[in-house]
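Now that you have both chains on their own, put them together as the hints suggest.
Residue numbers (our numbering), protein chains in the order written: chain F, 7 to 188; chain X, 76 to 225.
Since the hints were made in silico from the structure, they are not lab data.
Treat the numbers as computed from the prediction; the structure is a model and nothing was measured.
Beta carbons are placed, not taken as given, at the ideal position from N, Cα and C, and that holds for glycine.
Where hints are given, some of them may not hold.
Computed footprint of chain F on chain X; a stretch qualifies when at least three of its residues, placed anywhere within it, have a C-beta under 8 Å from a C-beta of chain F [unchecked claim]:
id, stretch
1, 87-98
2, 104-113
Here are some chain X residues the structure puts well away from chain F; computed CB gaps all over 12 Å [claimed, not checked]:
id, residue
3, Phe136
4, Phe146
5, Gly149
6, Ser187
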Amino acid sequence: MMLEDRLLVWKFNRGDIGALRDVYEKYKDDLVTLAAALLTDVSSAEDVVHDVFVSFIESSRKFRLTGSLKGYLAICVANRARTKNRSQQVRNRVLPDRTDTTDPDSGNPEFAAVFGEELRQLGVALEQLPYEQREVLILRSHGRMKFKKIAKQQGVSISTVQGRYRYALDKLRSMLNGEVRE
Amino acid sequence: MISADNVNDSIRKLQLKASTDLDKRVHDDISIALARSQGIEPPVTGPTISRFITKGRVTKFAVAAAILIAFGIGFSTGRRSRPAQPTPDSLDVIAYTSIALSYPTAPKTEDSFWRQKALAAIQPRPHVDAQFTKTKLPGTYKQYLKEKKL
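Next up, chain X with everything else stripped away, as it sits in the complex (with noise of 0.2 Å):
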């Protein structure tokens, strides 16, 4: 029998255990959201290329070796291959015609002129590559009055 004036003690002595059931939903619902907060990582929707290799270190070392290989093989065939070989006269003669053909008005002895020109036209020309400087240019102009006066 509880006294009335003990009402605050005996409230205090209230205890209730909780039950099997409620322990189990609590801790569902902890494992639910513990699984969900280490696989915050999105869906996989299929490995891209670069994960494949990126994930196995065997891939890796395959994917290094695969493209140091392609880079020898090209290496090694560009120093293999010949320079260009000179153009035989017969196929220079078909290049002319080709540049005669297209001038049918200009008559056959000016044939080896446009072959001169289209000879000097290939050939470098130091002359036109090579930059005067505003300082370099009066020099070289006097030069040449002095070489005209002697």
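Bound-form chain F, shown alone (with noise of 0.2 Å):
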């Protein structure tokens, strides 16, 4: 798997584009569904996705992995998503009517919907969580990542970011349960 990836950008890197048809193949199914799952979004996240490979596209030459490549596009697909959230919730409080006609508990039906009937339930419960708490507990459970990595990733300590998961994972599981506490 590492090696086959090294491969791919050993090509890359050489200016072989074509290699990265390889990448975005490979990983296209798990870095969108991060993106989702990150912006509760379906068609946001596919936008995010499609932003990071353009940028990949054109760091062909200086590209350099020192991780894995799973890792580094989950990085990318985070800090896009992140980004992608904050100009959002500027956008709400700009424009403050547009967030007052949806119900928050109801969340975004379609994005819970694409996970079909079993992991519904859990895409309006992450809906619910906050951002920063989500975006913890899905590079930690989805990511595989180390709390070390999302803590450089998001510039904050290994215990915020620890703190962070232990609450997402509790109001997660209160919100399974039917214990909404927001």
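What follows is the structure, encoded as structure tokens:
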């Protein structure tokens, strides 16, 4: 797995942009899922993944892989998703009427529906988590990233990240048990 | 129904598939980048003559043949050309007339003198061109003195 990634990156560094197709085909579903879980919106998630690959194409010569390729792409997606989330928050603050019309408990029905009936409840619960907590939970549980790496990516201490993870997990458990506190 | 205990497992089960629209967008961008990377050469504004020559194999041979033919023609023309003909006497007269004209005050009897001068100027002068080295000059002088004594 790792060797294959290194070979793809080596080809990519040598100007073989076609190797990027293989990278995309290999990780596209994981990255879209990660972005969708972070943003709770599938179309925004696809935009984020697209942006990540566009910037990846532009960095073909100077890109150097130090860790895993999947981890690198996951961090890129998380960074873009955070930026997008911030801009959405700013937009909601500027146009508060748009948010008033939606029921905060109902969430985004389209987003929850894409995961199927079994995981729909989880999708709804994820939407209600604060973004920072959701990000830590998704990167840790879905991206299988270490707390240290998440802390570096978020620019906070490891204990803060661990705290966010614990809070997110507790909140999610309580929501899934029907004990929604907020 | 998801139990609260296996939240982590459930999160790991979350799986979406990238839409065909996203596939198309990304693959199109990759194709564009690929085309751009292959076309690194600057845009051709018009083929220059050197580029035109070096590109075609037939053109290369044609240009080489043309150069050889031109060289051959030049060489053969040079070989066949005749050596300079001695100027006829009539021309000499004209030439000396012009010399005489340049010295209108000179008497006609000196015409032969000026002619001799002009001829002497044309003639090669080996004694002038001869270079005496520092070692040869005293030797020559000594030889001259010996001959004088004898």
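Do the hints match the structure? See the list:
Here's how the stretch 87-98 of chain X fares: 11 of its residues keep a CB closer than 8 Å to some CB of chain F, so the rule of at least three is met and the hint holds. Coverage of the stretch 104-113 of chain X by chain F holds. Counting CB-CB distances below 8 Å, 5 residues qualify, and the rule asks for three or more. Distance check on X:Phe136: its Cβ is at least 35 Å (rounded) from any Cβ of chain F, clearing the 12 Å threshold; non-interface status holds. The claim that X:Phe146 lies off the interface holds: its Cβ sits roughly 45 Å from the closest Cβ of chain F, which is beyond the 12 Å cut-off.
Every beta carbon of chain F lies more than 12 Å from that of X:Gly149, the smallest distance being close to 50 Å; the non-interface claim holds. The beta carbon of X:Ser187 sits about 89 Å from the closest Cβ of chain F, which is more than 12 Å, so the claim that it is off the interface holds.
Every hint, counting from the list given before, is met by this structure.
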